[in-house]
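Chains as they are written, first to last, in the working numbering: chain W, 1 to 445; chain V, 1 to 243.
Take the hints with a grain of salt, since some may be wrong.
Below, computed lysine-lysine pairings styled on DSSO-like, alpha-carbon distance capped at 27 Å [unchecked claim]:
| # | chain 1 | residue 1 | chain 2 | residue 2 |
| --- | --- | --- | --- | --- |
| 1 | W | LYS217 | W | LYS280 |
| 2 | V | LYS74 | W | LYS2 |
| 3 | W | LYS185 | W | LYS283 |
| 4 | W | LYS171 | V | LYS46 |
| 5 | W | LYS247 | V | LYS25 |
| 6 | W | LYS250 | W | LYS185 |
| 7 | V | LYS240 | W | LYS2 |
| 8 | W | LYS103 | V | LYS193 |
| 9 | V | LYS213 | V | LYS74 |
| 10 | W | LYS247 | W | LYS176 |
| 11 | V | LYS242 | W | LYS103 |
| 12 | V | LYS193 | V | LYS25 |
| 13 | V | LYS74 | W | LYS247 |
| 14 | W | LYS353 | W | LYS311 |
Just so you know, these hints were derived from the structure itself, not from any lab.
These are the residues of each chain, in order.
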Amino acid sequence: MKRNIANWGNYPVIESDDESFVFEDQLDALIQKEQSFIARGNGRCYGDASLAERTISTLKFDKILSFDTANGIFECQSGLTLDQILTVIVPAGWFLPVTPGTKFITIGGGLASDVHGKNHHVDGSISNHVIEMDVVLASDQVITCSADLHPDLFEATLGGMGLTGVISRVKLRLKKIATSLIRQKQIKAENLQELIGLFEEYKDYTYSVAWIDCLKKGKHFGRSILMLGEHAAVADLPEHQKANPLKLPKNKQLNFPFSMPSWVLNKFTVKAFNFLYYSKNFKKEINNLVSYEPFFYPLDAVLHWNRLYGKSGFVQYQFVLPLDAREGLIEILHRIADEGLGSFLAVLKVFGKQESMISFPKEGYTLALDFPVRTGLLEFLDELDAIVLKYKGRLYMSKDARMKPEMLVAGYPELEKFKRIVKKYNPDGKIRSVQSDRLLITAEN
Amino acid sequence: METVLILGATSDIGIAIAKKFAAEKYNIQLAARKPAQLEPLQSDIKIRFAVECDLLAFDALQYHTHSLFFENLKPKPDITISIFGVMDEEDQAFDDWDITQRMINTNYTGAVSILNIAAKYYIKRKSGTIIGISSVAGDRGRASKLIYGSSKAAFNAYLSGLRNKCFDANVHVMTVKPGFVYTRMTENMPLPKLLTSTPVQVADLVYNGFAKKKNTIYIKWFWRYIMLIIKNIPEFQFKKMKL
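Okay, chain V solo, but in the shape it has when bound (with noise of 0.2 Å):
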């Protein structure tokens, strides 16, 4: 049986990522700050899938201790998904460094920082699947998304730059771009039913694109084309919009 690692498990999409890859019979190693928290998720996985269910303590942040992290997880796991992010109010993050620093620490260093050992380990072994859940944010810079779509971007680059990297030792690289999804961090935002997706439809779709080998997929799939227009609008004209 093949195993999982799932970097940041105590979002809403990584617990559904989480059960999903459960369900199809995957070992699952679940990685969070506060691993403790997951207890509860840690034995519903067990009962419910039968399957081996490890708790980890990570922090992205940390970077120093990625490589002995890593060096420890016992089995080691096939398929690494990266999951952790932050996504802070633009406004505060503008005013207070500390913030700005965080968010981008967090979503683009902290990836880049556990995803490069992953793949040194993946492409000695010539074989392993890497899954980072980015964002649409990361597609086009703007301003109500200022930091956090920057750091999306810029971990959309590594992802793409990374599959590159790795395409001859056989390891697949998948990059993950949902719109908006119904989560505990969105709850008090009006999203628009039909643009939206729950976690478990994400999630679906990130276990799809896997068994198929996708290199990038969106979720819902039309966020490529809204995604597409909103790329291909002029620059003179896109920086006078209120996106």
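Excised from the complex, chain W in its bound form (with noise of 0.2 Å):
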């Protein structure tokens, strides 16, 4: 049945015909029919990359398949969500080796995305902790691919937005942890300069990333929070909760009820919410202990909150430059304070070095700022492109719905490579998105 679906950003919507699997004979069905798909999950993604006329939805295809608590080596389903994988492998003394910002993405999902988290500069991205998968390809033959296995197929899935097949099996290496807190430290920067001295100087820490007022300009251009974690140790507990130190967060969810009309985002509302962002943490250093949940997750804590930007919107801006590029970041920035679009979330995070095909992340500088969908913004995003690309830099094509094909040429040095992957496996392009044709992977110009 077609009905209209959006990802995150609620911006593009796409009319669609979404249907699901539970048993794989299913999916083979579903595969074999005529019409060109695209897998999607819960549709976390930003843009437009698991949208298309015909999306088969992974979501009831969910099943944790093993879990080795003595080794953290877990095997499921790839419908299954983070928070789900969570509340079985907290418990057992175990955690994702690497998360995004939100648990409520498949795992499937989070691979295609080849996501990151705070620990990349120590961790990675994900594709580190996969010991091998499933991928069901367009002529609905299931291939095992890991790094030996398959490795061409095993790397362009990895990042490559579901364009190779249907990802339906996943096994991972989790990291083990002794509780379920977090050891928190948050710091104050004044401006951008400190902030930056503040990464090099608590690099060593697991987990690191920093919210910055975008809107701010003069001596406080890119005052921000750098926060900080480790996993506790049972020491680090109060000794109340030392008896159970594996305990799953309590349950709180509040819900954006409905879409905010889009008048209330503007300069002064994004300023106020910064300043009071910026002032909520007093002193200039905090330290405490808190749950996984606030600490990786605190925008779960509301769901719908997309909400937040209106029925008609925003896109998700993600970009990474190479860490000489500092003038770049600064520059950006700087157009961004100019134009007084700044976001409620400006997120700035170093990663570490990867050498991947297709995924996202190299050493260096990202920043995510979110952008209501409004006149203009698709001019000023070109000019933000321009300069990204002017310092070597590129977009996340998770979070992308609108970047222009030359961008992604530009960005990904591995493309024709990655491009020629999935001609192999996916030879006759029945597997593209919304973004795979727009960007020219699957359709040809």
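Dock the two chains into a complex; use the hints.
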């Protein structure tokens, strides 16, 4: 049945046939239908990567297949969400080796985007922790791949936005934890320069990320809060918590009940929000013990927070610039401050080294910003693209809904190789998305 | 720990009910025509809920196998839940006797065959619970659900009779009548959001109804009143309506 679907940014909205499967033979039957399709998980990528006229939902393909609690090896079907995985692994003393800022993604979607987290500079992206996976091709053949087995398929599927086939089974190596709590340190930085110094100073912390107020100019340009964390040891816990150190956090959830009218978000309200957010940390430095939920998933506490940006939706813009391109970062932040288009959330992170074919992360600074969709936005983002290109940066396909194909070509030096592998496993382009056609990965110009 | 037998465990509702009872610390027996399909669900239930979970081959239409099937259950279930059923396209069924017969034989005859066996065992033992997942479609016959509705009407009558028969033996029989449910079977139908429940909601309400020893539950609850209205439309009027 045709219905309108959109991903997390609510932009664009596409009329799509969305069908699900519980068993492998049902997936085969869906793949064998004539019409082209893309696999879709929980729709938490922001743009048009998992949109198409026909989508195959993996959400009912969500069973846990094995869990070796002694060695932390976890195997499941691809439609399982990180949220569900955590409820099983945390009480057993394990954690996701890498997690993005929301736990409401499926593991299959996470691999297709090769997601990164606050520990990228230490642990790399999720692809570093995948032991093997099954990919169901457009021919409905199932291929098990790993770093040694069909390595070309393995590499092109991690970060490949679902274009090689449908990821159906995943086997991951987990991270050992002693408690479900995080030792958190928050430090306020007066400006961008101080922040960059702090990132350097605290680079040994496993988790680090900073929130930046993009609207500040002058000597407070780039004022920010750096958030650092380590998994707490049992010894770090207060006495009353020591008996049950791996307790799951209580489920407290708010719901954003309706789409906010778009006029509510403007330069003044965002400035006020940023002021409050920055000032809530009264002291220069805060050290405390928090559950993993607020540390990793602060926004998950408000369901449907994307409605904040109104019915017309928003675009998330995430780029990475090499470490030596700090002026590029400054130039982009200035452009945003001048335009007054700042978002509630501007998140800065330093990536460690990563060599991969089509994944987004590479060593450097990555900044993610939300922009409500309004007239002039697309032109403005094109201007930002030009700056990103000038400094040899690139954009994250999982967030993207609007970049031009040239931008992808310039940012991803192994794109041609990736396209060749997609062509090998998906020869007729039966698996394709609005994004892959827009970026000319599956469509020819 | 008590054991639940789930007959027809491959449906979305069957999977949700299995997970719900497992979460409430019941051991689970999953029965289906192709039990190998259920291996992922079996591992999932064992890992998530740390309960026993067995897979069993069961075909509702092979009546002659039902006695042996029940006899071989180890342990014997304390709760038997019948979920299997088919809902074919009614126009096709009207044209094709094989489809009509299969629908009746699955939804009614097959259910009676296996539940009679379970009931006899529970009556003898003087304890046990039987839960039948039926449908609001059985509350009144109408053209758009001609065969399906009548098979469910028969099943409803059977369950209420069985409840009566088992009462003195302390055996509880619960009839479950879901309205619209979002499942793979209905994903190509436009369903009214307010009237439609998810398989997880169905499972939660089935468990609550079981825990409170309800006789008949509607899912969602207001379907009871919707069906009350529908049942009270005079036949001379009803026969002219397109429902």
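Exercise. Are the Cα positions of LYS217/W and LYS280/W separated by 27 Å at most?
Worked result: The given pair, whose Cα atoms are some 20 Å apart, holds under the 27 Å limit.
Inset, instruction - Quickly compare the C-alpha distance for LYS103/W and LYS193/V to 27 Å and report which way the hint goes. - result: With Cα atoms ~26 Å apart, LYS103/W and LYS193/V stay inside 27 Å; holds.
(Q) Does LYS74/V sit within 27 Å of LYS213/V, going by the straight-line distance between their CA atoms? (A) At roughly 25 Å apart (the allowed maximum being 27 Å), LYS74/V and LYS213/V satisfy the hint.
Exercise for review: With a cut-off of 27 Å on the C-alpha distance, tell me whether LYS74/V and LYS2/W pass.
Suggested key: Given pair LYS74/V, LYS2/W is violated - Cα atoms ~46 Å apart, limit 27 Å.
- Task: Mind checking the alpha carbons of LYS193/V and LYS25/V for me, to see if they're no more than 27 Å apart?
- Result: violated, 32 Å
_Hinted pair, alpha-carbon criterion (27 Å max): LYS247/W, LYS176/W. Please report holds or violated._
holds, 15 Å
Q. Regarding the pair LYS242/V and LYS103/W, is the alpha-carbon distance no greater than 27 Å?
A. violated, 46 Å
**OP:** Mind checking the alpha carbons of LYS247/W and LYS25/V for me, to see if they're no more than 27 Å apart?
**Re:** holds, 19 Å
message: Tell me if the straight-line CA distance from LYS74/V to LYS247/W falls inside 27 Å.
response: Violated - the C-alpha atoms of LYS247/W and LYS74/V are around 35 Å apart, more than 27 Å.
ask   = Do the alpha carbons of LYS240/V and LYS2/W lie within 27 Å of each other, as the hint requires?
value = violated, 31 Å
Take a quick look at whether LYS250/W and LYS185/W sit within 27 Å of each other, Cα to Cα. holds, 22 Å
Between the alpha carbons of LYS171/W and LYS46/V, is the straight-line distance 27 Å or under? holds, 18 Å
Going through the hint list in order, the structure does not satisfy hints 2, 7, 11, 12, 13, 14.
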